[in-house]
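Peer 1: Here's the letter readout for the chains.
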Amino acid sequence: MKQIAIYGKGGIGKSSISSNLSVNLASEGLEVLLIGCDPKSDSTINLFGGKRINTVLDLYKKGVTDPDLMVFEGYNGVKGVEVGGPAAGVGCAGRGILVALKTLNKDYYIDRGFDVVIYDVPGDVVCGGFAGPARDGYADEVYIITSGEYFSIYAANNIAKGLFNLNVKLGGIVGNMRDITKEERKIKVYAEEIKSQLINVVERNPKIYESEIEGKTVLEKYPNDLLNIKFKEIGKKILSNKKSKVPTPITDERIRSILGGFH
Amino acid sequence: MNILTPRPNPIVAALYTLRDLDVDVAILHGPSGCGFRAARLLEEDGMVVVTTSMTEEDLIFGASDKLIEVLTEANALFSPKTIGVVGSCVSMIIGENVKKALIDSGLNNKAFFVEIHGCMGANTRGAIETLKAAMDFGLIGEKEFKRQENMLLLATEVESNKGMAKSKYIKPSRGTDLKIVADYITNLLKENKKIAVVLNAKKETVYLFADILLAINLASKKLGGSVINVGNLSTEVGLLRIKRYAEDIINNLNSNNVAINFISGGMDEYPIAGKNAIDYLKDKDFDLMVAVGIPQALPLIDKESIAVTNGPREVPPLEEAGYKYVTVEIASHSTVMGTREIVFSELGEAIRNSAGIQ
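Protein sequence lines correspond, in order, to chains A and B.
Numbering follows the working numbering, with no gaps: position 237 of the first sequence is 237.
Numbering follows the working numbering, with no gaps: position 347 of the second sequence is 347.
Hints listed in this document are in silico derivations from the structure and should not be mistaken for laboratory results.
Be aware that one or more of the hints could be misleading.
Claimed, not checked - Keeping only pairs whose Cα atoms sit at most 25 Å apart, straight-line, the calculated DSS-like set for lysine-lysine is: (1) A:Lys106 with B:Lys99; (2) B:Lys99 with A:Lys2; (3) A:Lys102 with B:Lys146; (4) A:Lys245 with B:Lys132; (5) B:Lys100 with A:Lys243; (6) B:Lys132 with A:Lys169; (7) A:Lys102 with B:Lys194; (8) A:Lys102 with B:Lys100; (9) B:Lys146 with A:Lys245.
Stated by the list, open to error - Sample of chain B residues lacking proximity to chain A, with all beta carbon distances greater than 10 Å (derived): (10) Asn97; (11) Gly106; (12) Gly118; (13) Phe137; (14) Asn150; (15) Thr156.
Cβ atoms here follow ideal geometry from the backbone N, Cα and C, with glycine treated the same way.
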């Protein structure tokens, strides 16, 4: 079983890539579990035709602690879980993630025979709770989603700092392109600067957004589209990745210098 | 039911359980004031308790470095064989990675972590989590863990059904005046009546509650009457420290020529030992039962009975249960820490005074 956690700047496309990756890995015959860790509980929405599933923390609040009642089967047999959490502006979402992960019980994944577990984690590693999925016993390695834009790389570097502090391995970076100049090259150079690697890039493509509007992954709406081959390639590279290592974050000045060097 | 009455908390229960396990140093990863009253008492009992003294800044920036520092300092200062790190509300809410801090400190071969905070339910949860962590660390076996877990769950049940967690709010009460209770007991002895004393004490509180059993026996020797002694004083059950408590009490009683007629269980078996005691007494002839320690764990009997508790909030439910008198030993924990001898109890003193024993 391989467990990975997906991190990246808010709105960069973590959930899009996680759900598309999940369904394409499933179509290769793998048992996939996608765990959405965002209190907005929208990571798995494209597996369920735009519908929300019951969240772990809502069920926990009602006294339900059986993981079987928290896992739902979505498109292409991918199993989906949403951690859930407090409404915006109240409570502590980070604590929610820790409690939900404990309730789900990591031994459960092994018992159920999953091949791949993907944690889709919101935003940066803003507090201890958000680092939960990256800790011992959960994700084997982390993947960062970024575009070539400064703020996205800046956020990626901040996550790399968190991984460095926690001594957690980074599997690599996946580019989610925003159509800026020499974007792939920028991301690749940054990845190498922090002693990591660029796994692959997903080009900007309206079919992703068209699918999402219908609450679907690209595989469901456009089964024959080449994008699916791209997601399968990303999945294969992640599963066979032997180059994971703790990243060495760089300074803001160095980021500016790298990105500026391409203009 | 949302119970309004403040009750013992899991963090303090975790600290007490570390003491039971003969851990040398407990580090409370939290604010300096968290659990401080319990910490003082536990230090009197031989376990060093220190704190990471988390501050507002630590809540914002995390306090793993501080924990590593305290671990290193405690190791240098006290040369402990075993260290227990206990969580608190704040450190657990901010998601402190304590296991990593233990590894980074280089002390993970002698230190283990109890993942607990104050919002995790009954205090017994703190004890269970500590025992589980101790099992994972290799201090106790799985069989002993399961036995103690079962006892703690039964203890929670006793409090919910018959104790201070029975209703929404229970007003603390001192119950009946000690002198009235003492005189009642001594008058029965003067009338040559028979008293059954059931000592059903929880761990170290036995050093206090055993004094009541002792005082009734001494009063009987002077005034008349007779006594049946029942106690959860098994020297075969529980952790080494707990068995030692039972040995101490039996030795103390022997030196006063007082014998226990029936051992109802171990010192940590108070949730079931009460039933064993009543099963033993059901065919016996006696005029009054005096239940001391955790009387709420005893099944009700159709005989005149007196209950002696150390919880002022246990008084109303015990009175409702039908005890003729319920009275309180208020200073139980503060007087027994660090002792190896039976200490004077308030009721024991009142009985001695009433019987004219110097």
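Peer 1: Confirm or reject each hint.
Peer 2: Results for each hint:
no., hint, result
1, A:Lys106 with B:Lys99, "17 Å, holds"
2, B:Lys99 with A:Lys2, "22 Å, holds"
3, A:Lys102 with B:Lys146, "21 Å, holds"
4, A:Lys245 with B:Lys132, "33 Å, violated"
5, B:Lys100 with A:Lys243, "23 Å, holds"
6, B:Lys132 with A:Lys169, "29 Å, violated"
7, A:Lys102 with B:Lys194, "55 Å, violated"
8, A:Lys102 with B:Lys100, "17 Å, holds"
9, B:Lys146 with A:Lys245, "40 Å, violated"
10, Asn97, "6 Å, violated"
11, Gly106, "14 Å, holds"
12, Gly118, "13 Å, holds"
13, Phe137, "16 Å, holds"
14, Asn150, "20 Å, holds"
15, Thr156, "16 Å, holds"
Checked against the numbered hints given earlier, the structure breaks hints 4, 6, 7, 9 and 10 and satisfies all the rest.
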